[in-house]
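Q: Position chains B and C against the provided structure of chain A, taking the given hints into account.
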Amino acid sequence: MGSKSKPVYLGVDVGSVSTNFVLLDAEAAGASVVWKKYLRTQGAPLVALKTGLAHMAQEGSWRIVGVGATGSGRELAGVVLGADVVKNEITAHATAALSYDSNVSTILEIGGQDSKLIILRDGVVVDFAMNTVCAAGTGSFLDQQAHRLGIPIDEFGQVALRSTSPVRIAGRCTVFAESDMVHKQQLGVDIADIVAGLCQAMVRNFLSSLAKGKELLPTVFFQGGVAANAGMRRFFEETLAQPIYIPEHYDVMGAIGIALLAAEALAEGHKPTRFLGLESVLRSEVAAQVYECQRCPNACEISEIWRDGTFLASWGARCGRQGRADQTS
Amino acid sequence: MRITFPHLGNAYIAVESLLRGLGHEPVTPPLTNRQTLERGSFHSPAEMCLPFKISLGNMLEGIDLGAESVLMIGGWGPCRLGYYGEIQRLLLEALGKEVEFITLEVPRGNYSRYMVHLQKLTGSTKFDHLRSGASLSWAKLNALEELEILALQTRPREKKRGATTGYLQYQLEQLRAAETVQEVEEILSTASRGFLRLRAREQNRPLRLGVVGEIYTVMDPFSNLRLEERLGYLGVEVVRTISLAEWVKNHIFKKALGLYSLAPLRRLAAGYLRGFIGGHGLESIARSVDLARKNLDGVVHVLPLSCMPEIVARGILPRVSRDHGIPVLSLMVDEHTGEGGFQTRLEAFVDMVQRRVGRLGK
Amino acid sequence: MGFEVITSPPTNQEILELGLTACVDGACLPLKAFVGHVRFLVNRGLELLFVPQAISVVPGEYTCTNLLGLPDLVQQYIPSSVRLLSPALDARKGAGKISFSYLRCGLEFASALRVLKAWQTAQAAQRQVDTAPKANGSTGRGLNILILGPRYLTDDAYLNGDLMGKLAALGVQVTAAAAFPDSITLPASRSLAKRPFWTSMRRSLGALEHCLHRVDGVISLAPFACVAEAMQGVMVAERTAKTECAHLELHVDEHSSPVGLVTRLEAFCDLLERKRRG
Chain A
33 MGSKSKPVYL GVDVGSVSTN FVLLDAEAAG ASVVWKKYLR TQGAPLVALK
83 TGLAHMAQEG SWRIVGVGAT GSGRELAGVV LGADVVKNEI TAHATAALSY
133 DSNVSTILEI GGQDSKLIIL RDGVVVDFAM NTVCAAGTGS FLDQQAHRLG
183 IPIDEFGQVA LRSTSPVRIA GRCTVFAESD MVHKQQLGVD IADIVAGLCQ
233 AMVRNFLSSL AKGKELLPTV FFQGGVAANA GMRRFFEETL AQPIYIPEHY
283 DVMGAIGIAL LAAEALAEGH KPTRFLGLES VLRSEVAAQV YECQRCPNAC
333 EISEIWRDGT FLASWGARCG RQGRADQTS
Chain B
16 MRITFPHLGN AYIAVESLLR GLGHEPVTPP LTNRQTLERG SFHSPAEMCL
66 PFKISLGNML EGIDLGAESV LMIGGWGPCR LGYYGEIQRL LLEALGKEVE
116 FITLEVPRGN YSRYMVHLQK LTGSTKFDHL RSGASLSWAK LNALEELEIL
166 ALQTRPREKK RGATTGYLQY QLEQLRAAET VQEVEEILST ASRGFLRLRA
216 REQNRPLRLG VVGEIYTVMD PFSNLRLEER LGYLGVEVVR TISLAEWVKN
266 HIFKKALGLY SLAPLRRLAA GYLRGFIGGH GLESIARSVD LARKNLDGVV
316 HVLPLSCMPE IVARGILPRV SRDHGIPVLS LMVDEHTGEG GFQTRLEAFV
366 DMVQRRVGRL GK
Chain C
19 MGFEVITSPP TNQEILELGL TACVDGACLP LKAFVGHVRF LVNRGLELLF
69 VPQAISVVPG EYTCTNLLGL PDLVQQYIPS SVRLLSPALD ARKGAGKISF
119 SYLRCGLEFA SALRVLKAWQ TAQAAQRQVD TAPKANGSTG RGLNILILGP
169 RYLTDDAYLN GDLMGKLAAL GVQVTAAAAF PDSITLPASR SLAKRPFWTS
219 MRRSLGALEH CLHRVDGVIS LAPFACVAEA MQGVMVAERT AKTECAHLEL
269 HVDEHSSPVG LVTRLEAFCD LLERKRRG
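Residue numbers (our numbering), protein chains in the order written: chain A, 33 to 361; chain B, 16 to 377; chain C, 19 to 296.
Certain hints may be false.
[To be verified] Pairs of lysine-lysine residues, derived as DSS-like cross-links and limited to a Cα-Cα distance of at most 30 Å, are as follows: (1) Lys69(A) with Lys303(A); (2) Lys309(B) with Lys246(A); (3) Lys69(A) with Lys82(A); (4) Lys112(B) with Lys260(C); (5) Lys269(B) with Lys111(C); (6) Lys175(B) with Lys303(A); (7) Lys69(A) with Lys38(A); (8) Lys68(A) with Lys303(A); (9) Lys216(A) with Lys184(C).
The hints are simulated quantities; they were obtained by calculation from the structure and are not laboratory data.
Okay, chain A solo, but in the shape it has when bound (with noise of 0.2 Å):
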């Protein structure tokens, strides 16, 4: 790369529904992106990986002077990406709300794959709570029901702002709402209705199962894929009766906090970044490999990162074994 390429800082947030990578100037005071990539993981978090480094290194000139992981696959990217900081994404969405408003108190998140309530206090987390568990509080029901509905997923919130008398929709779970949802359809319920009332549903979801007991103070943000939904912001500010802040770039939060943590790290280290480069990341041959190891009835699923027939990391280990890099040496 050039010396005049631009000096940024790479955030990388791996889940197992998408994958975003976020560039940030590393010039520019607070969280400026100057690239960002929205890509499907599609189970197959490798892939994801080389293909957004790919595009990024054909839509500009860049010089990567930190990296930061997150997401569910935080550990595989750090390993492959050689990445300064690996951090979970409640840390990481904290991080992005803050660099926007530094007097957030509330940020709701609602991804493809899970849901997340952080609460703060003076620019602290204090408090948090994340749905892994129902499948019915995330971007990725809302995608199965707009595609069953004939419905554009983009279009989804706009569909329910024209609701006048939104249905009621019972249940948590994706089988009871989707049963529900079924019945009301075969009476003839107009569709818009049925819509609102399923953004009104998950939106009484998220916050009986995340906002119990738990204060929720303006500033509040709303982030994730599915910010994206006027129809859930329309009614999580009816519920709330208070505002709801939709940050610019409020689908890649989690990548642009963990960068800018990356570069909050190297700056107080003083340190080179551990980067291992643009080519030598997407020329290498990266496999993984999922064993159960027999060694002890624990039977723990190891998973081992290989590049070019080395061995680089592996995890899942319960005793603390590093795998069969352990048992070589």
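A: Chains B and C alone, transformed into the frame defined by chain A:
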């Protein structure tokens, strides 16, 4: 008699000695693993809680190894655990397992049944033999908890990741093989020096988090997804509030003598709970208050799904957290708990506590 | 006692909703409904809320573990302006302790004589309810069904999806376990290897032993994901299988659908009828 029993953390080391002292052959099931849970779940009603399913799985695996009897603890309420043995007995019977089911509990009603149980257990053992077995078992129970605590203090400070867990495993194996109280003491003194050698030179004071909650899920690493280890690797020194030896002392010896009193716990939980609510609910609240007073950085509360006393405690803990300025994380575990989400919660909690401590300049 | 008493109506959609939106996760449906009743009452404006802590109502036994923590749970959902009145009812050391507990609780508000009088009136009223006609439904099809389960479910038509009404409509005679007095269920439960130490479970199993050869079928009614009821289910299944008595398990939660319930009840009654005809 070849006797098997359900696991609770590393307690098998003490139970084995006790059974040997009674002149029996202990049949220790394999350490709880995924297969254990799968088997236990398969033969249990879906609603039963994690401890029930795991212990049933342990029994089945013990029976596979040739056990003729199953030893289980009982009770007379209000905790549901007191009735688990009876249900497990019925389930094993329905599976056609011809085993003697021995429930350890204070007799009530049908006394002859208990005399038979007791006789089967003590058999013709000589009193001296029994006494030495019991004291060896007691020494091992105390020692294994001491080893575990040393590991909790060492892990966040270890030089090489994983070294503590490996060393603990090694010392537990030594302890298991020990045949006299003296050997047990020697192992302890070697280990306390050994753990010190694993430590890196201290940089920062690690965060200190206390763990409270329902006794089984707190003590059993399989059901809490190795919570203590995970926290250790995140640089946290875990402070236990529950000890099995303490529990045995309080609930078996002191209660039998009428010396056990909830008054100190009640005093700590004053203003939050009116008193005993079954299980460990009162303890969870009282200990959290205690941890806050001892200036710990946070509390992790562990409970199995559908454990009512702990669910009440869970509802009250946010208030304790506000009043005493101590962050609290409640973790509900069942067989569907995903490792990913669990780990993310722990990391986010540790981050949160870290930032808070940094800001308070503790 | 001279109080103006405000009671909540039988459980309905509004009350359940109040409970569902506030009650801590992991609680069972009846508990959520209870919290709903509490919130409903609080909205009506009151100074004192009566929620006793029922630890034990029969010597040597406990009530459901959920009831032990009930006042402490409820405390979280009431404003500080409402005072919680919750005498501990603990019959572990004798049934007389319960009367004593009520009396002591009342002394703060009235003279001993008046409290005693009130207590006697209350007991008489309760006795009248408890000794009301035991069986209901119709004998149209000549089928007899025993309903097992805690009273807070069998007696709450909204929570159990009007089970009794639906069975009556099917022409079935229904008896709930709670209708049998302890003088029947206590001796009957002695034949069990280990007598359950929860009153509701002991009553259910005692009633089952008493009725095994007198009814056509048994329906267990349980809150979804209740551990105690799951254990009871194992024992009921064992007993009914041994005696070839038909058994249907029903779990209720906020997602239960009334349509599914009718289908299952109809099928169960058909099965009983076929069995009876041989």
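Q: Against this structure, judge whether each hint is valid.
A: Going down the list of hints, with the structure as the test:
1. Lys69(A) with Lys303(A): holds (27 Å)
2. Lys309(B) with Lys246(A): Between lysine 309(B) and lysine 246(A) the Cα gap is close to 26 Å, so the pair holds against 30 Å.
3. Lys69(A) with Lys82(A): Holds: lysine 69(A) and lysine 82(A) sit about 12 Å apart, inside 30 Å.
4. Lys112(B) with Lys260(C): holds (18 Å)
5. Lys269(B) with Lys111(C): holds (20 Å)
6. Lys175(B) with Lys303(A): Holds. Lysine 175(B) to lysine 303(A) sits at ~23 Å (cutoff 30 Å).
7. Lys69(A) with Lys38(A): Measuring from Cα to Cα gives roughly 18 Å; hence the hint holds.
8. Lys68(A) with Lys303(A): Holds. Lysine 68(A) to lysine 303(A) sits at ~25 Å (cutoff 30 Å).
9. Lys216(A) with Lys184(C): Holds: lysine 216(A) and lysine 184(C) sit about 24 Å apart, inside 30 Å.
The structure fails none of the hints (numbered hints given earlier).
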